[in-house]
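S.K.: Just need the whole structure built from these sequences, with the hints factored in.
In this note's numbering, the protein residues as written are 1 to 434.
There could be a bad hint or two in this list.
Label pairs and their calculated CB-CB ranges [claimed, not checked]:
hint, residue 1, residue 2, range
1, F214, N50, 46 to 52 Å
2, S64, R144, 39 to 45 Å
3, N261, N411, 27 to 33 Å
4, E357, A62, 17 to 23 Å
Only pairs whose alpha carbons sit at most 25 Å apart, straight line, appear in this in silico DSS-like list of lysine-lysine [said to hold, decoys possible]:
hint, residue 1, residue 2
5, K279, K382
6, K382, K406
7, K233, K290
8, K116, K382
9, K45, K60
10, K29, K4
11, K45, K29
12, K68, K116
13, K60, K4
14, K279, K29
15, K68, K4
16, K277, K45
17, K4, K406
18, K279, K233
19, K277, K290
20, K29, K68
21, K290, K279
22, K290, K280
23, K4, K131
24, K382, K277
25, K280, K116
26, K60, K131
27, K29, K116
28, K382, K45
29, K406, K227
30, K45, K4
It is worth saying that the hints were derived from the structure and are not from the lab. The beta-carbon is built from N, C-alpha and C at its ideal position, and this holds for glycine as well.
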Amino acid sequence: MIAKQKNAIELFCGAGGTSLGFQMSGSYKISLGMDIDPDAMATYKANHENADCLIGDITKIAPSDVAKRITDSNIDIIIGGPSCQGYSTIGKRIAEDPRNSLFSQYLNYVDEFRPKWIVFENVRGFIHSGKGQFYHELQDSLARLGYDISAGVLNAADYGVPQRRERVIIVGTNTGLTPSLPLPTHEDPRCPVCSRPDKSNRIRSRIKPSECSFCNGTGHWHSLNMKPWVSLKDAIGDLPWLDGQLGTQDFIEYQVSASSNYQEFVRELSDGYTLHKAKKVSDFALSIIKNIPPGGGIRSIPEDDLPERFRIMRTVKDGKLRKDCTTLYGRLGWDMPSYTITCYFGNVSSGAFTHPEVNRSLTLREAARLQSFPDRYTICAKNAMRQIGNAVPPLLAKAIADHIEKIELDNFNVKTINPLKGEKDDFEQISLLP
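M.R.: Next comes the structure, spelled out in structure tokens:
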């Protein structure tokens, strides 16, 4: 007997990464997607033909009006991540701050539909804003509506996405079940003793990999029940390097065979790809990135070789390297996931967006793959960079959807991620309860 799919709606859906992930789980049917961005909604509609697509300002659309549009009266889950614009405001409740009306409207939709589950996604800074005020306000509001929640900071790389992208994920339910977040399936392949850096990007130990008994001198290690992070080479190594070229947005058939499981995943149901096009690099930027090795950034260049305007970004008065600016003009390395893909990945000066081998930025297709979009997923070309950078990685969304389904099927104790409490130290990393 085939289980009936659950009905979901996505608010602030953008290009549809979360909806795609929930569909990929096989347990959910997307009834409606809503966003104010017409370009993103064009992409959404092209890929979610069976969903009702609503373009508009959510603050001006009554939840009751949306309910009338939906033929499936029972909505099982609401997913979405409203933009956060009022982090600096302290001492006001969310409902009293007009800049945060997106939050209150999100809650209005939850109140209208009363789904069994809610999933809320946002940037990591959401947790610390106003000393945890925004998180606690959301938590209290959901509690008043009858929802228990679990929250954590999840790294997309820990769930098979070739990108180190951290996001706050909140899962809530009014079913009486215990909400929790999915346990990681992948981990940093670098040895935690000799090769894995800390948060300041410094190696924790002075032990050389060749002298490390923990990893037998390899510098690499991962648990028996975990997979290593998906690397950049796994994700985009089969795409042409475009050395000295900008590429094209047109369709191109695959020219080589897939060389990794991830490449097989993104190629599924497709004979080729589009949008393998990069932005032109300025002569000034080229003069910088040509001297940066894979895995390095502007701090990799000797100070005497830096343009004057960047020397202050590399040093402070005592002459030591600064702890920030670690990814400025960064060149990606083949053996690790990318850093966070933003809306500015076409600009090599904005972060670690330079190809490992050639002096150019990432192409639209490369960035889409690093976000875990399959090659078959149609991304409308207008403002494609913004759509890709703003998206929730589908594989991260799928992990969440699969886990919610597991909770419902198991309906007994599951290992959980330690709930967040809103204080700074509680949000540094997810912590696993025994």
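S.K.: Each hint: holds or not?
M.R.: Evaluated hints:
The hinted window of 46 to 52 Å between F214 and N50 holds, with their beta carbons roughly 51 Å apart. A beta carbon spacing of about 20 Å between S64 and R144 contradicts the range 39 to 45 Å that was offered as a hint. Separated by about 32 Å at the C-beta atoms, N261 and N411 satisfy the suggested range of 27 to 33 Å. Checking the proposed 17 to 23 Å range against E357 and A62 shows it is violated: the Cβ atoms sit about 53 Å from each other.
Note on K279 and K382: the hinted pairing holds, with a Cα-Cα distance of about 14 Å set against a maximum of 25 Å. Distance check on the hinted pair: K382 and K406 sit about 38 Å apart at the alpha-carbon level, beyond 25 Å; violated. As the CA atoms of K233 and K290 are separated by approximately 20 Å, the hinted pair is consistent with the 25 Å bound. Straight-line distance between C-alpha atoms of K116 and K382 comes to about 36 Å, which puts the hinted pair past the 25 Å bound.
Between the alpha carbons of K45 and K60 the distance comes to roughly 21 Å, so the proposed pair stays at or under 25 Å and holds. With a CA separation close to 9 Å, the supplied pair K29 and K4 stays within the 25 Å bound. Restraint check: the Cα-Cα separation between K45 and K29 comes to about 14 Å, which is no more than 25 Å; the hinted pair holds. Between K68 and K116 the CA atoms are separated by roughly 19 Å; this keeps the pair inside 25 Å, and the hint holds.
At most 25 Å may separate the alpha-carbon atoms for a hinted pair to count; K60 and K4 exceed this at roughly 33 Å. Straight-line distance between C-alpha atoms of K279 and K29 comes to about 37 Å, which puts the hinted pair past the 25 Å bound. Pair hint K68 plus K4 holds up; C-alpha atoms about 22 Å apart against a cutoff of 25 Å. Between the alpha carbons of K277 and K45 the distance comes to roughly 23 Å, so the proposed pair stays at or under 25 Å and holds.
Distance check on the hinted pair: K4 and K406 sit about 15 Å apart at the alpha-carbon level, within 25 Å; holds. Proximity of K279 to K233 is assessed by CA-CA distance (about 21 Å); at most 25 Å being required, the pair is judged to hold. Of the supplied pair hints, the one linking K277 and K290 holds, its CA atoms being roughly 20 Å apart against a limit of 25 Å. Restraint check for K29 and K68: the C-alpha separation of about 18 Å stays at or below 25 Å, so the hint holds.
Distance check on the hinted pair: K290 and K279 sit about 16 Å apart at the alpha-carbon level, within 25 Å; holds. This hinted pair checks out: K290 and K280 have alpha carbons roughly 14 Å apart, not beyond 25 Å. The suggested pairing of K4 with K131 is violated, with an alpha-carbon distance near 42 Å, which exceeds 25 Å. The hinted pair formed by K382 and K277 meets the criterion: a straight-line CA distance of about 13 Å does not exceed 25 Å.
As the CA atoms of K280 and K116 are separated by approximately 48 Å, the hinted pair breaks the 25 Å bound. The suggested pairing of K60 with K131 is violated, with an alpha-carbon distance near 30 Å, which exceeds 25 Å. For the suggested pair K29 and K116, the alpha carbons sit about 15 Å apart, so the restraint of at most 25 Å is met. At most 25 Å may separate the alpha-carbon atoms for a hinted pair to count; K382 and K45 meet this at roughly 14 Å.
A C-alpha spacing of about 20 Å is found between K406 and K227, which places the hinted pair at or below 25 Å, so the restraint holds. With a C-alpha separation of about 23 Å, the suggested pair K45 and K4 falls inside the 25 Å cut-off, and the hint holds.
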